[in-house]
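Here the protein sequences come in this chain order: C and R. Okay, so the first sequence: first residue is 1 according to the numbering used here, each after it adds one. Okay, so the second sequence: first residue is 1 according to the numbering used here, each after it adds one.
The set of hints was computed from the structure by calculation and includes no laboratory data. Since this is a predicted model, take the numbers as computed values, not measurements. Virtual Cβ for every residue (Gly too), placed ideally from N, Cα, C. Take these hints with a grain of salt, some might be off.
Derived Cβ-Cβ restraints for the label pairs, each shown as a range [unchecked claim]:
| id | chain 1 | residue 1 | chain 2 | residue 2 | range |
| --- | --- | --- | --- | --- | --- |
| 1 | C | THR94 | R | ASP119 | 22 to 32 Å |
| 2 | R | ASN89 | C | ILE190 | 38 to 48 Å |
| 3 | C | SER276 | R | THR22 | 53 to 63 Å |
| 4 | R | ALA169 | C | SER215 | 13 to 23 Å |
| 5 | C | VAL228 | R | ASP41 | 22 to 32 Å |
| 6 | R | LEU194 | C | ALA10 | 28 to 38 Å |
Some chain R residues near chain C, calculated using beta-carbon distances under 10 Å [as the list claims (entries may be wrong)]:
| id | residue |
| --- | --- |
| 7 | ASP41 |
| 8 | ILE47 |
| 9 | ARG111 |
| 10 | GLU135 |
| 11 | SER590 |
| 12 | TRP643 |
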Amino acid sequence: MNKTIPVIIAILMSVIVYSVKTPHHDELKISITKWIGYTPLFYAESKGWLHNSNIELTYVSSLSENMYMFNARTATAYTGTQFEHDSLKPNFPTILPVVLFDKSYGGDVIMSNVSIEELRNTPDNINLFLEQDSVNTTILNAFIKKYNIPKSKLTYHNIDQQLSNTIKFSKTRPIIIVTYTPYNIFLEKIGFKEILSTKTSDDIFVVDGLFTTQSALTHHREQFNDIVRYISLANKALDANPREYYNTIRPYLGDVTFEEFEESLTDIKILNETNSKDIVDRLSREGMDVRELR
Amino acid sequence: MKISIHSFSITIITGTVMFFTTLFSIHYFQIREQTAKMMVDTLTLEISETAYLISRNVISNTIVGNRSLLERRVALNKYVHSATLYGDNAIIISTGPEILCDSKSTIVNIRDIDGSPYDFITNTGSISTEVVYFENEKRKTLTLVYKLHSAHIHEAFDNNNKEFTYLFALIPLGVIAIIVLLLRQYVTQPMTVLRKYAYSQTSVPLEFPIKELDYIRTTMIDTFTRLDNERKELYDMARTDSLSGISNRYHLEEKIIEIIEQASRRSEEFALVFLDLDNFKSVNDSLGHDVGDILLKTIADLLKKSVRANDIVTRIGGDEFILVINDYDSDMHLIEIIDRIQYNVRNTMNVAASESNVTASIGIAMFPKDGEDLFTLMKHADIALYNSKDNGKNKYSFYTDIMNNKIQKIIAMNNDMRTALVLNRYTLHYQPQVEIMTGKIVGCEALIRWVDPIKGFISPDEFISVAEQNGFIVDLGSWIMSTAFAQQYEWELQGININMSVNFSARQILTEGFLESLDMVLTKYPINPNNISIEITEYVFLNKLDRVHVVFDTLKKMGFKISLDDFGTGYSSLSYLKQFPIDIIKIDKSFIDDYNTVDGQIFLETIIKMAQTLGKSLVAEGVETDDQLKFLQTFQCCLYQGWLCSKAVPPEDFVLLLG
């Protein structure tokens, strides 16, 4: 009888503790777009690595939607550029980058059906298509500043990049489209030409990273560490066997061939485990908390 | 620490229910939080998505066009009461006019949602998010507010609460109550009944519906019944004499207390009768113990039948019985009962085809006159019994103080006798035996004399009977034999050849080793056995006749004569004279004393002529007068002894008488 009661109590307590036990990791939800620089996460998800770490990717059509998701706390982290970081920072003072995916090197482009000269000189209103609530605006402002294109001539069309395939080519009306890889591929096919990109202009500095708040980083530290490791593994896989890498992430890219995929990779500089000091310093100067990047 | 089944069951059940209630509560609160989180996530997703759609659809003059979107959103989500789009602190679109009155302090931006989802969803009035749109290059912000439908939200949780309370509180309580009642009805109460039955065994419990308990019940009934029977059996056995089937001493000791109390209360008397079978040992030895046991049982039955049902008959051991007779009308009635008892004992049916000749000596002590407790009554009854024995047995005596004194004397006598032997205070005197016709002393009888330095001369009548009763006669007889033979040897050496009669008790004769001791004495004193008459009484024929034959035949072979003392007064029958080698018949003094009566003369003549016919020598004892002598002389009877010639005298005086 003396041993029975402690055993019973131990069993009961175990049952109660088990009942109230919380999962080892809360789910880490990341809001993400189908940007070429974010393919390491697609690769990690396809391989099941993210599932093992209880990380879920939520796909949205635009970078600004990422901000909405993050703002609604539907996503604990998001993929984006400095633009989204700067937009969210007033409401999320502790927002910071956890890891950098890539620096845009031609991935962010301005396309048009006419030349820059023609744009400067046209008397007509220029239809401007861009995601206004994204880094597209930053790139546009840099462009019109550089080439003195008056804003008054611009007719803004705020669209998601996924809808960029709805833009009709015009031979008569000048059009400017601010976009990014791989959406530019379709536009090229219908006749638009790149007039400026992050490759051709040093004034345009776009870096893609994974952003979250300090508290979320602390809470999901292990999972974020896993993400950094998965990104590294994915990048190594890409280096080792691009075809295999492409085949793995192909469902995420839509109608993009291997050659087009390889071409898209030339539009970014992948930032590996050791981030460029220059890039990190520049981000720091721009007001970003870069502790996790050093 | 011990607790009842009832308490234990309630504790276990309550503990189990509390445990599961705790578990369910934890689960319930988890579910509630999860449900609330789902609600919050859904609402934040929806408001975020709505804000995003609006931000994509807004052109400054078409903001209002989003009303249908808002209305559809509100209609599809029952937890949203209404939706409002603010811009520049003014309402642009609202699906519910009452939102206009709401204070914006209850509005929580979805990015600020923190803490318990349940607390948030039940305590928050509205949630909001920004709608960002561009007018050309200008970034503009609107605020989208969802007023939460708190009634529906609370109702959803209240329903859960009710279900939980019903399922995990009321129903379990009801189940507990039912289980407790059932346990009480079918377990606890029956066990209480069993406990009471185990304690008192007064009322036998009825059948229980629970099989295991009913097994216990039937087992207990069987066990207690068996124990009860065994107890009664043991009780009876403890109070019953195993041989006779009547009560034993223990029962007597129990019952006598009641009888004494009752008699004291009613100022009544009762008789405690101590009954001892006479010569029972002889019967046992001669006929065997089996026969003796049958005799005892027969006697016990007889005694039971001789008294009334409420009288007590007990066997306290051996051949001793105690009767407590308390239902008699008078002393005469009591005496009649005692007479009847003795009569019945005397007339016992033949036992083992042999006449047992059993009689009973009885001692009677009366309550309260002779004692007021069992011990005193028994002691006094025993004294009275002893008196009966002493007076010839087959008698009854009542206890008196005189008897008590007599017994005390006998006890003292017993001790003095043994001391006298050790201190050599006995002597043998010799009484001449005279030829009736010649007057010549031709023999003598050795008679023991005892002179105590304090008490003086003690008559053989006083101590011989005591010695016979307590067995001292064997030692005394050995001394007599040794002393007499020594004296005879001395006389033979002196040339005095006369016949000497030496008395031997029946007990001594029949003792194992008697012949050997006789032979030893004869060896020590090599007298002529032909001059010794072994004088025995008729008691020798009472039992062990086979042994008597052996002894008598051996004595005869050794050359001794056998003399039958006190002929006609004891247990002799003519068949003994035929069976056994009796040489001399000694006519008892009582017959000589009656010589002058007709009957006395007839008896004397008969005995003398019988003896003469049988060729036996005769010695008439106790001749004290010439007339007696003359009478005897008419028959030409052989020898006499008595005071007419001389009393018993010391050996040196006897030699002078031979003179």
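Margin query: If you test the structure against every hint from before, which numbers come out violated?
Written below: Those not satisfied are hints 4, 11, 12.
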